[in-house]
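Colleague: So you can see what is in the structure, the chains are spelled out below.
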Amino acid sequence: MDAVVKKQTALGSYTKRRHKISAGDVVFNILNYTFYILFTFACVFPFYYLFINTISDNELVRTGQIKWYPVGIHFNNYLALANVNNLGTSALVTVARTVIGTAFMVVASAFVGYLVTKKEMWGRRFIYRFLIVTMYFNAGLIPWYLNMSMLGLTNNFWGYIIPGIVSPFNIILVKTYIESIPAELEESAFIDGAGYFTIFTRLIWPLSKPILATIAIFGAVGHWNSFVDSMILMSGKPQLYTLQYRLYIYLTSTSNLSALMNSGGSINPQVLNSLLNIRTVKLTVAMVTIIPILLVYPFMQRYFVKGIMLGAVKG
Amino acid sequence: MAKNQSQHSDIFMILLRAVVIVLLISAVIPSINPARMSGLINKSSALITMALSYSSIVSGFTRALNRGWVAESALQMLYISSLFVCISIAVVAVGCCITLGKKRLQRLGAKLIAIASLLGTLALLLLLPAYSQISQTSNPDRVEPMFAGGFWIFLSLFIVTFVLGLINIMRIPKPTAEDGYEMENKYKLFLMILPFVILCFVFSYLPLWGWRYAFYDYRPGASLTRESFVGFKWFTYLFENPATRADIARVLRNTLVMSGLGIATSWLPMAFAIFLAEIRASKFRKIVQTCTTIPNFISWVLVYSVAFAMFSTEGFVNAILIDLGIIENGTNYLMSGEHIWLKMWAWGTWKGLGWSAIIYIAGISSIDQQLYEAATIDGAGRFKRMWYITVPGLMPTFFVLLLLSIANILSNGMDQYFVFKNAANKETIEVLDLYVYTLGLGSGGSGNIPLATVVGMLKSLISITLLFGANKVSKLIRGESII
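These protein sequences, in sequence, are chains A and B.
Just so you know, the working numbering puts 6 at position 6 of the first sequence, and the rest follows in order with no gaps.
Just so you know, the working numbering puts 209 at position 209 of the second sequence, and the rest follows in order with no gaps.
Honestly, I wouldn't trust all of these hints.
Some residues of chain B that are not near chain A, with every Cβ distance over 12 angstroms (derived) [stated by the list, open to error]:
{"id": "1", "residue": "G60"}
{"id": "2", "residue": "I87"}
{"id": "3", "residue": "K103"}
{"id": "4", "residue": "L112"}
{"id": "5", "residue": "Q136"}
{"id": "6", "residue": "L189"}
{"id": "7", "residue": "E278"}
{"id": "8", "residue": "S299"}
{"id": "9", "residue": "T428"}
To be clear about the criterion: a stretch of chain B counts as covered by chain A if any three or more of its residues have a C-beta under 8 angstroms from a C-beta of chain A, and this derived list gives those stretches [as the list claims (entries may be wrong)]:
{"id": "10", "stretch": "116 to 127"}
{"id": "11", "stretch": "153 to 162"}
{"id": "12", "stretch": "237 to 243"}
{"id": "13", "stretch": "247 to 258"}
{"id": "14", "stretch": "406 to 419"}
{"id": "15", "stretch": "449 to 462"}
It should be emphasised that the hints constitute simulated quantities derived from the structure, not laboratory data.
Every residue, glycine too, gets a C-beta built ideally from N, C-alpha and C.
Take these sequences, add in the hints, and give me the full structure.
Modeller: Have a look at this one:
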């Protein structure tokens, strides 16, 4: 009896304490909120700042006058991108590699992830380890480059795609996911006379769409963002440079604007310089490269938590 | 069933498959390329390279063709011949896969192999007239006609597969009417995954073969010959050459300091998650989480463009400081070489903190809420609850990630340091990965490939040792492995 009363009072004080806010709590909350507001601001503001600099008056941008809000809004910078050297081809290459590379990687990961769940496969344990071990070692940059060059994948668009098709980490993700699908489903399809391939396309593929979306998003972001492979593999073929590498070249170029721009003789360079300057061109190219990521970001969010959690439980 | 088993382990069949595998591998090894009938053909092109692109043959012959030393028809013949040899090899490989099936398929496979070997031999013989054309060149010194020794290797391989194919056709009993074109499931599955296993081998295991460059005096474009074999020269060079030794010491220091900073602050994401969980307003939490993960999804080039916008001479930070009257003229912070380690750490944290916190945020939500209630009843305050409930709950995750980051201490990637590198900060920003790149590939074709390979090789070996060490530690302490 005593114990019960004691517990009740304890519970009472517990609920009371939840409502009572001490001075220490206030200080803690203020500090806590301040930190998170500042950090969030630090994460978002640069993008906003980048953006307002691309739509503000170019002369003000050049002298660094734009700080908190845009002045003299115009969108000529974005229109002028049509004249930036090689930007169009780079954008095309990047989109192509993102779409094709992601599609190949997702289909391969799904298929291989499904196959390695099949216990009856000849040599399954060895094959699975053979694939997974590659996550933990690599021969190094130079041998990798020499290998790619030996395979004829340097200065070749497929050099972006083929090496990424088999991705052990994504295979693990898919395999773990497929293993959580009730085995009875597959068994009944098997009894109905469906082969492995039919089961994969008609049953496994639709059922594992959530995890496939997750790896597709990570794959696409990876392809969109990569530039080192472009720099190393495509050094002899500038028309295959990705957008990111192109942006890097622009950002680090110290030459004047007309070197960046392909005025094609139709625009007087002097006029061009008064309309644009090297800073705005750099910032606008950066913005154009960021925008696709910011656009798909809201859709990605749903999936990446799932991905990171599944990744933590490796099988 | 037992009969099937005995068929699969038939000695002639196994022999045939082994020879087919040898044939396949031969097609990708440049040094036994049977179609390299002239010194003008790149030494590093294998048979498959020549079959895939005609330009890989012609590229060396521009001058020879212009001057009329060689007729283009000879080169075309080389190309057609290598193309058909490769097609034959592909058919042989397909036939070899088919022999994994039951009787009917086995016979079919053996027939395919025999026929394709015959065709391959014919295609191979086409190289002879091409060679005789090349050897009749008017300028043998420049064209360097040579008879590729690989020709004999391929010829004998084809003959062996042909004979073995015939033997197998004779040995496999005639299928009865009820035998269909069937294959056991285990082999079906194996054949389905085989292409991916091969891809994985080609891109993840084959590069290890490139480690041999560490033992040669190799110059880009040249090839590895017996004369250029230098043994461990580059290994000793690495430690004996004072300039390289100083470089390595500097680069290792940078790598260890920057990785060390990351490891020393690896508790930050956990703290970020724990303190974020203390905020009651769930909307606010959600917004913070969303916004702080954005930087993780942009590349280092884009981070650099953000840095350029904010910290260059006309950037935001300078503008604000001038407004506040702290400085008079803007400086380009990106060009300065001061505090590079801290700056790089700060950018890494800016990019990764919110993202790394996600795993801890998910971890907190899986901790039993009753623990908190019980602790509150017992009079534990906010910090006590954090310290005695949340932190121990997240410890396993933290521990695994910590061990992995220790195992990766030498590999901090090159992207970040490459984009931020400039003349002013070169000394302090160069990490091992970047150094390997600059040493081997960064100087436009004149890099020291062997030395860079040696450095990368040692790095890989140390990393894998560290990983196994970390795994052992994890097994000892937690009884679970991390890999």
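Colleague: Verify this label for me: T428(B) is non-interface relative to chain A, using a Cβ-Cβ cutoff of 12 angstroms.
Modeller: At roughly 19 angstroms from the nearest Cβ of chain A, T428(B) sits farther out than 12 angstroms, so the non-interface label holds.
Colleague: Just double-check Q136(B) for me: nearest Cβ-Cβ distance to chain A has to come out over 12 angstroms.
Modeller: Q136(B) clear of chain A: closest Cβ-Cβ about 30 angstroms, beyond 12 angstroms.
Colleague: Against chain A, does the stretch 153 to 162 of chain B show at least 3 residues with beta-carbon separation below 8 angstroms?
Modeller: Violated - the stretch 153 to 162 of chain B has 0 residues with a Cβ nearer than 8 angstroms to chain A, which falls short of three.
Colleague: Run the C-beta distances from S299(B) to all of chain A and say if the shortest one exceeds 12 angstroms.
Modeller: Violated, because the least Cβ-Cβ distance between S299(B) and chain A comes to about 3 angstroms, which does not exceed 12 angstroms.
Colleague: Is the Cβ of G60(B) farther than 12 angstroms from every Cβ of chain A?
Modeller: With a cut-off of 12 angstroms, G60(B) remains clear of chain A, as the shortest Cβ separation is near 15 angstroms.
Colleague: Quick check: the stretch 237 to 243 of chain B, covered by chain A? Criterion 3+ residues, Cβ under 8 angstroms.
Modeller: violated (count 0)
Colleague: Count the residues of the stretch 247 to 258 of chain B with a beta-carbon closer than 8 angstroms to any beta-carbon of chain A: does the count reach three?
Modeller: violated (count 0)
Colleague: Just double-check E278(B) for me: nearest Cβ-Cβ distance to chain A has to come out over 12 angstroms.
Modeller: Contrary to the label, E278(B) does not stay out of reach of chain A, its closest Cβ about 6 angstroms off (not over 12 angstroms).
Colleague: Three or more residues of the stretch 406 to 419 of chain B near chain A by CB distance under 8 angstroms?
Modeller: Coverage by chain A holds here, the residue count being 4 at a Cβ distance below 8 angstroms.
Colleague: Taking the shortest Cβ-to-Cβ distance between K103(B) and chain A, state whether it exceeds 12 angstroms.
Modeller: 18 angstroms, holds
Colleague: Cut-off 8 angstroms, C-beta pairs, minimum 3 residues; does the coverage of the stretch 116 to 127 of chain B by chain A stand?
Modeller: Since three or more residues must qualify, the claim that chain A covers the stretch 116 to 127 of chain B is violated, with 0 doing so at under 8 angstroms.
Colleague: For the stretch 449 to 462 of chain B, do at least 3 residues have a Cβ located nearer than 8 angstroms to some Cβ of chain A?
Modeller: holds (count 7)
Violated hints for the displayed structure, listed by number in ascending order: 6, 7, 8, 10, 11, 12 and 13.
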